[in-house]
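Colleague: What follows is each chain in one-letter form.
2 protein chains.
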Amino acid sequence: MVDILHRVGVLAPAPRNVFDALTTVEGVAGWWTEDTTGSAREGDKLVLRFPAGGFDLEVLERRPDERVVWRVTDGPSEWVGTTIEWDLSQEGEYTVVLFAHRGWAEPVEFMHHCSTKWASFLMSLKALLETGEGTPAPRDVKIDNWN
Amino acid sequence: MVDILHRVGVLAPAPRNVFDALTTVEGVAGWWTEDTTGSAREGDKLVLRFPAGGFDLEVLERRPDERVVWRVTDGPSEWVGTTIEWDLSQEGEYTVVLFAHRGWAEPVEFMHHCSTKWASFLMSLKALLETGEGTPAPRDVKIDNWN
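Respectively, the protein sequence lines represent chains S and E.
One point on numbering: in the working numbering, the residue at position 8 of the first sequence is 9, and numbering is uninterrupted.
One point on numbering: in the working numbering, the residue at position 147 of the second sequence is 148, and numbering is uninterrupted.
Which copy is meant is left open, because identical chains are indistinguishable; a pair holds if it fits in one copy or across any two.
Calculated lysine to aspartate or glutamate pairs in the EDC-like style (CA-CA distance at most 16 Å, straight line):
{"#": "1", "residue 1": "Lys46", "residue 2": "Asp57"}
{"#": "2", "residue 1": "Lys46", "residue 2": "Glu27"}
{"#": "3", "residue 1": "Lys143", "residue 2": "Glu131"}
{"#": "4", "residue 1": "Lys46", "residue 2": "Glu59"}
{"#": "5", "residue 1": "Lys143", "residue 2": "Glu94"}
{"#": "6", "residue 1": "Lys46", "residue 2": "Asp75"}
{"#": "7", "residue 1": "Lys46", "residue 2": "Glu62"}
{"#": "8", "residue 1": "Lys46", "residue 2": "Asp36"}
Keep in mind that the hints were calculated from the coordinates and are not lab data.
Whenever a hint applies, use it, and build me the whole structure from the sequences.
Modeller: Structure (structure tokens):
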């Protein structure tokens, strides 16, 4: 099993702002994909759709201002069964986001792509909270010939 | 041992353009850090300096238009002994860059940071080749409270 890891710092007044962007449909739609539906409550399912495909995520854990965990229940075969974990903490003026997309079976080329793409979505989350404007799909930053 | 993996596609006429940006001092200075000196020839050493610290890299492999490998010989302790590998291929109009920073002893918080930072430097490499203008240090994209 291999993991994608990232870290960003959001200049936000409190972890609550980042937590809300991860735990509401409107929040997720502001940085990941505009076509986000479902529910971000614990035990519920978030439904994310992109111009090409999408993901269904079960909300496994939702600890206010500290931690969010999703499990992928539908989507590309390499993603199904993996978990996406967010750990938040405050360091000075920054809310630090430690991100992990865990449980990839193999370090396939698609994982390389998703790692870079995750970085760009994390920068979109940071921009949403710092400037009010993210770049969710379909306005997402294109990184290669796959998207 | 754990690895940072990324993939970008550069809209470039040929892998040669990307290869040159990885194998000349001027090229590396255009996307990673303006303060790049030394030599990018096989067996030689590239010396990269940033406002806070830097890296010395030994050029282990340099296969024209296909592959470049560096070994970190000096820098932060977590980096020393790791390798940085670049594999290039042409897919339609894109030169695809498969990137791996291999051999981290542990998935420490600094590795999370470096993974996101690598993504931003790869996007800088892409921008340099597509638009003529990258964002090397000290003009690099800030991702968190560490840089």
